[in-house]
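Number of protein chains: 2
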Amino acid sequence: MKLKRSGRIGALIKILCDNPNQIFTLSYFTNKFNAAKSSISEDIVVAKKIMEDLELGKIETISGAAGGVKYIPFISAEDTKIVLEEICEKLKDTNRIIPGSFLYMADIIYNPSIVRKLGNIFATKFVDEKIDYVITVETKGIPIALMTANVLNVPLIILRRDSKVTEGSTVSINYVSGSTGKIQAMSISKRAIKHGSKVIVIDDFMKAGGTAKGMIDMMREFEADVKGIGVVIATKEPKDKIVKDYIPLLILDEVNEAKGSINIYPNKDLI
Amino acid sequence: MKLKRSGRIGALIKILCDNPNQIFTLSYFTNKFNAAKSSISEDIVVAKKIMEDLELGKIETISGAAGGVKYIPFISAEDTKIVLEEICEKLKDTNRIIPGSFLYMADIIYNPSIVRKLGNIFATKFVDEKIDYVITVETKGIPIALMTANVLNVPLIILRRDSKVTEGSTVSINYVSGSTGKIQAMSISKRAIKHGSKVIVIDDFMKAGGTAKGMIDMMREFEADVKGIGVVIATKEPKDKIVKDYIPLLILDEVNEAKGSINIYPNKDLI
Chain A
1 MKLKRSGRIG ALIKILCDNP NQIFTLSYFT NKFNAAKSSI SEDIVVAKKI MEDLELGKIE
61 TISGAAGGVK YIPFISAEDT KIVLEEICEK LKDTNRIIPG SFLYMADIIY NPSIVRKLGN
121 IFATKFVDEK IDYVITVETK GIPIALMTAN VLNVPLIILR RDSKVTEGST VSINYVSGST
181 GKIQAMSISK RAIKHGSKVI VIDDFMKAGG TAKGMIDMMR EFEADVKGIG VVIATKEPKD
241 KIVKDYIPLL ILDEVNEAKG SINIYPNKDL I
Chain B
1 MKLKRSGRIG ALIKILCDNP NQIFTLSYFT NKFNAAKSSI SEDIVVAKKI MEDLELGKIE
61 TISGAAGGVK YIPFISAEDT KIVLEEICEK LKDTNRIIPG SFLYMADIIY NPSIVRKLGN
121 IFATKFVDEK IDYVITVETK GIPIALMTAN VLNVPLIILR RDSKVTEGST VSINYVSGST
181 GKIQAMSISK RAIKHGSKVI VIDDFMKAGG TAKGMIDMMR EFEADVKGIG VVIATKEPKD
241 KIVKDYIPLL ILDEVNEAKG SINIYPNKDL I
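So the sequence lines, in the order shown, correspond to chains A and B. Residue numbering for the first sequence follows this note's numbering, starting at 1 and increasing by one per position. Residue numbering for the second sequence follows this note's numbering, starting at 1 and increasing by one per position.
Since the hints were made in silico from the structure, they are not lab data. Where is the CB? At the ideal position from N, CA and C, for every residue including glycine. Wrong hints could be hidden among the right ones.
As the list claims (entries may be wrong) - Chain A regions said to be covered by chain B (calculated; three or more residues, Cβ under 8 Å):
| hint | stretch |
| --- | --- |
| 1 | 46 to 57 |
| 2 | 182 to 193 |
| 3 | 227 to 238 |
Sequences and hints are given; from them, build the entire structure.
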């Protein structure tokens, strides 16, 4: 089958965008589209320009033996602002207040159309770190961590609360929850992470930072280098958290059950 | 900014494919591309043909007031076969055998580039059921369930093993694990699921089917209609599982620690 230029460009964009941060050789497309290398090269130039003009991400050409072309998703500060403000609006609904001044947010952080955007925001922040894994701990952070890993095209590692018989030899650590003071455990299969890897930590919520600190301690067991920490929501207080250098998407100032008020806003550094 | 045809088609495909099963109006594209309705209509015809010719999914036009255009991902039986056989090859590595004749598979079922394909396979099977939610239970099935929900453009519901204070009022049920005979619990916030919804259940593994049965029982509490069950791996034995009408992607016949052998193969009905 012979495709016209517009057909080739459409299909090329589709294939690249379905597989973010994955390198495709020119031969892959010359075979698939039954076209000459020169035509594909021209198609890539056009595709690049479309993506840049419409701020839909970046198509990058890599030269050399392992070379080819890949798509790097990107979300602009402007679009980040729109996404985060929309989520804040949803979270400000006082029907979300749960006894104990908690905020119901499972419907937001499990919604694929929302978490894929949040994953895109984290990936845009961390893409230059060239990481090997995204790390999270069960359960609520998993969807966002997976979508971040998907965009960065790296495996996701899920730390478990208990060690499981199906995981083989595990490494377990205890850590102190910064907000409750309770001792908790996390564990992971010894074979899950290669020693000396570069990782980022993604979670849904940070109060004092004890869980994030636990994940960092666990990474030390694998001599892994934590290149960044991203959380969807960080509480404003305590200001001094156990971990430094984390990137929150949203800041939760207050959930007041008595007054029926919620104060949450986007991280101003991102928008 | 004025785009040429090839530019518009590339961008249109990118936007539709990033948002599977989501309807975009024609006006969305006329505004975004600064083009006439007639041009966009022609672009859609071309985009449709590209996707069909290359078996990359389907672009569907919906007429009427709530009309527009949407992308329905699709994976062919041929590609399904390639994906499932590749995973089987990986899982047959005897280094994966864990004492107790378990199979280590966290690296497979948490790998975004693999689970997005598995999600696509499940979505292709269940797209006509017009479901409202994808249901799973923590933890290992979450990535695959999320990717299925992503393609179907519906929310994911994660049943928890314990009820959490952050979830508000919860519904809890006990169920008997079919393989171990142990009584286990699962719970979910009362507000998570609208009564009378249509759902599918997705999980990573099924032995006797007790967990899947537990999820079906939980759905009864919400008067939800379970339209299908998908699992990545089902064991060959016991043949008579507690639930009927489930779709496994792979069948696990044997993990023999003593002999160092693994027998696993794709579900022949899918390929």
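Three residues minimum, CB to CB under 8 Å: does the stretch 46 to 57 of chain A make the cut for coverage by chain B? Let me know. holds (count 8)
Verdict on chain B covering the stretch 182 to 193 of chain A, where coverage means 3 or more residues with a C-beta closer than 8 Å: This one holds; 3 residues, not fewer than the three required, reach chain B with a Cβ under 8 Å.
Given coverage of the stretch 227 to 238 of chain A by chain B, checked by CB-CB distance under 8 Å (3 or more): violated (count 0)
Taken one by one, the earlier hints fail for this structure only at number 3.
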